[in-house]
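Student: Here the structure of chain Z is known, so what remains is to put chains D, G, X, S, V, C, E, U and A in place on it, guided by the hints.
Protein chains: 10
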Amino acid sequence: MKFLCRMQVQFPESMSAEEVAQKQAQEKEYSQALQRSGEFEAIYRVVGKYANVSIFDVESNDRLHEILSGFPMFPYMSIETTPLSKHPNSIR
Amino acid sequence: MKFLCRMQVQFPESMSAEEVAQKQAQEKEYSQALQRSGEFEAIYRVVGKYANVSIFDVESNDRLHEILSGFPMFPYMSIETTPLSKHPNSIR
Amino acid sequence: MKFLCRMQVQFPESMSAEEVAQKQAQEKEYSQALQRSGEFEAIYRVVGKYANVSIFDVESNDRLHEILSGFPMFPYMSIETTPLSKHPNSIR
Amino acid sequence: MKFLCRMQVQFPESMSAEEVAQKQAQEKEYSQALQRSGEFEAIYRVVGKYANVSIFDVESNDRLHEILSGFPMFPYMSIETTPLSKHPNSIR
Amino acid sequence: MKFLCRMQVQFPESMSAEEVAQKQAQEKEYSQALQRSGEFEAIYRVVGKYANVSIFDVESNDRLHEILSGFPMFPYMSIETTPLSKHPNSIR
Amino acid sequence: MKFLCRMQVQFPESMSAEEVAQKQAQEKEYSQALQRSGEFEAIYRVVGKYANVSIFDVESNDRLHEILSGFPMFPYMSIETTPLSKHPNSIR
Amino acid sequence: MKFLCRMQVQFPESMSAEEVAQKQAQEKEYSQALQRSGEFEAIYRVVGKYANVSIFDVESNDRLHEILSGFPMFPYMSIETTPLSKHPNSIR
Amino acid sequence: MKFLCRMQVQFPESMSAEEVAQKQAQEKEYSQALQRSGEFEAIYRVVGKYANVSIFDVESNDRLHEILSGFPMFPYMSIETTPLSKHPNSIR
Amino acid sequence: MKFLCRMQVQFPESMSAEEVAQKQAQEKEYSQALQRSGEFEAIYRVVGKYANVSIFDVESNDRLHEILSGFPMFPYMSIETTPLSKHPNSIR
Amino acid sequence: MKFLCRMQVQFPESMSAEEVAQKQAQEKEYSQALQRSGEFEAIYRVVGKYANVSIFDVESNDRLHEILSGFPMFPYMSIETTPLSKHPNSIR
Chain Z
1 MKFLCRMQVQ FPESMSAEEV AQKQAQEKEY SQALQRSGEF EAIYRVVGKY ANVSIFDVES
61 NDRLHEILSG FPMFPYMSIE TTPLSKHPNS IR
Chain D
101 MKFLCRMQVQ FPESMSAEEV AQKQAQEKEY SQALQRSGEF EAIYRVVGKY ANVSIFDVES
161 NDRLHEILSG FPMFPYMSIE TTPLSKHPNS IR
Chain G
201 MKFLCRMQVQ FPESMSAEEV AQKQAQEKEY SQALQRSGEF EAIYRVVGKY ANVSIFDVES
261 NDRLHEILSG FPMFPYMSIE TTPLSKHPNS IR
Chain X
301 MKFLCRMQVQ FPESMSAEEV AQKQAQEKEY SQALQRSGEF EAIYRVVGKY ANVSIFDVES
361 NDRLHEILSG FPMFPYMSIE TTPLSKHPNS IR
Chain S
401 MKFLCRMQVQ FPESMSAEEV AQKQAQEKEY SQALQRSGEF EAIYRVVGKY ANVSIFDVES
461 NDRLHEILSG FPMFPYMSIE TTPLSKHPNS IR
Chain V
501 MKFLCRMQVQ FPESMSAEEV AQKQAQEKEY SQALQRSGEF EAIYRVVGKY ANVSIFDVES
561 NDRLHEILSG FPMFPYMSIE TTPLSKHPNS IR
Chain C
601 MKFLCRMQVQ FPESMSAEEV AQKQAQEKEY SQALQRSGEF EAIYRVVGKY ANVSIFDVES
661 NDRLHEILSG FPMFPYMSIE TTPLSKHPNS IR
Chain E
701 MKFLCRMQVQ FPESMSAEEV AQKQAQEKEY SQALQRSGEF EAIYRVVGKY ANVSIFDVES
761 NDRLHEILSG FPMFPYMSIE TTPLSKHPNS IR
Chain U
801 MKFLCRMQVQ FPESMSAEEV AQKQAQEKEY SQALQRSGEF EAIYRVVGKY ANVSIFDVES
861 NDRLHEILSG FPMFPYMSIE TTPLSKHPNS IR
Chain A
901 MKFLCRMQVQ FPESMSAEEV AQKQAQEKEY SQALQRSGEF EAIYRVVGKY ANVSIFDVES
961 NDRLHEILSG FPMFPYMSIE TTPLSKHPNS IR
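Residue numbers (the working numbering), protein chains in the order written: chain Z, 1 to 92; chain D, 101 to 192; chain G, 201 to 292; chain X, 301 to 392; chain S, 401 to 492; chain V, 501 to 592; chain C, 601 to 692; chain E, 701 to 792; chain U, 801 to 892; chain A, 901 to 992.
Chain Z with its partners taken away, still in its complex shape (with noise of 0.2 angstroms):
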């Protein structure tokens, strides 16, 4: 089951530069984990923000959530989901 997520990072004024390099380093463990195991099926940045253009494949609803509220950094983003289905005139 396909989700879009769009996410745009907003970290707050007080968090060191050290602070925010960790977060980054475990966002990036976090993620790639996931995109290996196949329910992360793509992620691309979007031009001129710090955002990112997300896709998922996952078995539901609470799966989809238990994901993007362990992304070290979700305290930090802001994500709108939009839930996809198969469109008519796709080949894949």
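One or more of the hints may lead you astray.
Here are the computed lysine-lysine pairs in the BS3-like style, where the Cα-Cα straight-line distance is at most 27 angstroms [unchecked claim]:
hint : chain 1 : residue 1 : chain 2 : residue 2
1    : E       : K728      : C       : K649
2    : Z       : K49       : A       : K902
3    : X       : K349      : X       : K323
4    : E       : K749      : E       : K728
5    : U       : K828      : C       : K623
6    : G       : K249      : S       : K402
7    : S       : K402      : V       : K502
8    : E       : K749      : D       : K123
9    : A       : K949      : A       : K902
10   : X       : K349      : G       : K228
Simulated from the structure, these hints should not be mistaken for laboratory data. As the structure is a computational prediction, the values presented were derived from the model and not from experiment.
Tutor: Chains D, G, X, S, V, C, E, U and A in isolation, oriented as in the chain Z frame:
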């Protein structure tokens, strides 16, 4: 070069069911040819809407506009285009 | 799997009262069959609007879109869909 | 009398993790007592957000505001309230 | 129980001046009966717009929707409803 | 001359509970004096929000701004003002 | 008492060029009479739009609504009204 | 003096393909004459939309409105105008 | 050449009352000098807000930006600028 | 390949005037090097705002994001990016 496009469809009231069906058939043919060409990487239906989310992989802005404005249903679509670039966490 | 859907209805001016009444009757029949099936958990009228708030319990995004796009009044509705998951404070 | 409330939570940066955890515990206790009382009919997590969608069944506007403003996390919540009434198609 | 309703009116182009005048007359009669009943506490014209701001005092959401959807001009109105409760500073 | 004002309150994080309580007490006193004077016709709490809807009956725009900017909590309020005039259907 | 009004004009498609021209002529006459009376202090064209920004100096809200709703083009205008008061820095 | 204008085009349904084509031809002629005159510095197509982004270099607001309202397709365009001035970092 | 500017003021929490008062005094002096020069034609307070609506009569966009960015309170203001031109109905 | 970028700048309160000045100097140097390279075609100040409108001519989305995210002031900017293509009426 990748772009995310969200397309919302709105046929005018005055169009007959036959005209709509004809346009949809032309759209399917046009869309599937592009998908086979590789420029049209993915298309998903947005749940609950007559809208889709699509990912294109094209060589230039001009080519993308050529593709989008060539859709038979282009006059009846409102399209939001987001330029994408490689995400540092992507494993692809 | 639960979803909240808010549906705003807008019939075109050109539709006769009879056509509207017919669509509404078909919608009622379709809706009540789904409610009895258990997939359509609740429907409420939004006070002051020709709109409803509904909760669906379905197995997948595809099934939800199948249900929504199957509504006889689907062409005259604007639907916002919010995927829901279990709340940690819920006792149900 | 039913109301749909959507609550988005935003704790201030200056609050310590302990204070947040304490507020969340108080909120859970308050929420579950209301759920058991029957006035708090349902609460769902909005996927991807620190937000919930809730349905209340209360006797008056005053009572609803009393409940909402009594939430321990009320100062950190933005709440949109939609009054609901019986839908003509509902079988419940 | 009090509600604030803001009603914006938009008659369709296709309606004749006579039909509009007839609807307005029916609306006035319906409105003034409600005002005399006490459920319709106040109605003001929004300066510069074909819109009003009204305050209702009703026993339930269902009753409010019954009143609002019963307005002869309901099909031509967009209504925003705000549930109100007693303000701690009010001397009334 | 009547105006509808919607006031949303947002105290800064840095303000202590005591300062807030003091401002609220001053606001209540200021508000109730105006209500007794007749210029402040009605004030209601918006359900679920730290906001109110108020109706003023004043002699001029200048006087209204004088009243609004004189509220002790004015620096912490966002106020939307709608000028009202007599509605042709009003029986008052 | 001063008000800023922004008026956006949108004639319906079905109106003939002659009808539009006739309305515009009536509007000009009505507008210039008001300007000479002193109640209509200034009118400017918004660059690039069929819209204007106007400043009125009137004795009451009722009078302003009377003026605005009396415009021959009122049914084809969307008007945003901002009540103004004397600015402490103004030398006029 | 430079302005950025974004123009979104929307022809009414009732216009025939011939009328549209005729307007477009007139627009092209008008536009290219202005471009040659130097007042119309640049025009780009917005990818995926029947819209353009244009930069004008004109002597006054009045002149800009004269140009914009003179476009044959002006009645079918929604134009947002942003006044520009010299940027301190610009090397031009 | 005329422009309408709407300026909303928001001082940061961290600024002391003295600093604010000092900025306001500098702003008044700067503003009144411009008003006397004729470039600053009118300034009105928006009722209920710490905002103003102003009309400038300047020779160019560059000059207008020079004036606006020269306001002592410029860093604490959000300014919307609307270029104006002569209205065909204006008698001035 | 051309893109229109609108950049709104907002430095955090906590940054000292010196830090801001330093960032601005770095930004100027970075910006002017790009302008000389030809990838940064034009930059204009938006009148009345700490914002700019810029046109880039780059080989790919990735390159554009590289440029934008490389701006010393990138963390303090909100950037809207519009992909542009050749307009059929353009004489350039």
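Student: Between E:K728 and C:K649, does the CA-CA distance stay at or below 27 angstroms?
Tutor: holds (20 angstroms)
Student: Checking one constraint from the list: CA of X:K349 to CA of X:K323, max 27 angstroms. Satisfied?
Tutor: holds (18 angstroms)
Student: Taken at face value, is the distance from the CA of A:K902 to the CA of A:K949 at most 27 angstroms?
Tutor: holds (24 angstroms)
Student: Holds or violated: E:K749 and D:K123, Cα atoms, limit 27 angstroms.
Tutor: holds (19 angstroms)
Student: CA of G:K249 to CA of S:K402, is that 27 angstroms or under?
Tutor: Satisfied, since the Cα-Cα distance of roughly 18 angstroms is no more than 27 angstroms.
Student: Please verify whether U:K828 and C:K623 have alpha carbons no more than 27 angstroms apart.
Tutor: violated (44 angstroms)
Student: Does E:K728 lie within 27 angstroms of E:K749 when you go C-alpha to C-alpha?
Tutor: holds (18 angstroms)
Student: Can the restraint linking X:K349 and G:K228 be considered satisfied, given a maximum Cα separation of 27 angstroms?
Tutor: Violated, at roughly 33 angstroms.
Student: Next pair to validate is Z:K49 with A:K902; report whether the Cα-Cα distance is within 27 angstroms.
Tutor: holds (18 angstroms)
Student: Hey, S:K402 versus V:K502, does the alpha-carbon distance stay inside 27 angstroms?
Tutor: holds (19 angstroms)
Hint compliance for this structure: hints 5, 10 are broken, all remaining hints hold.
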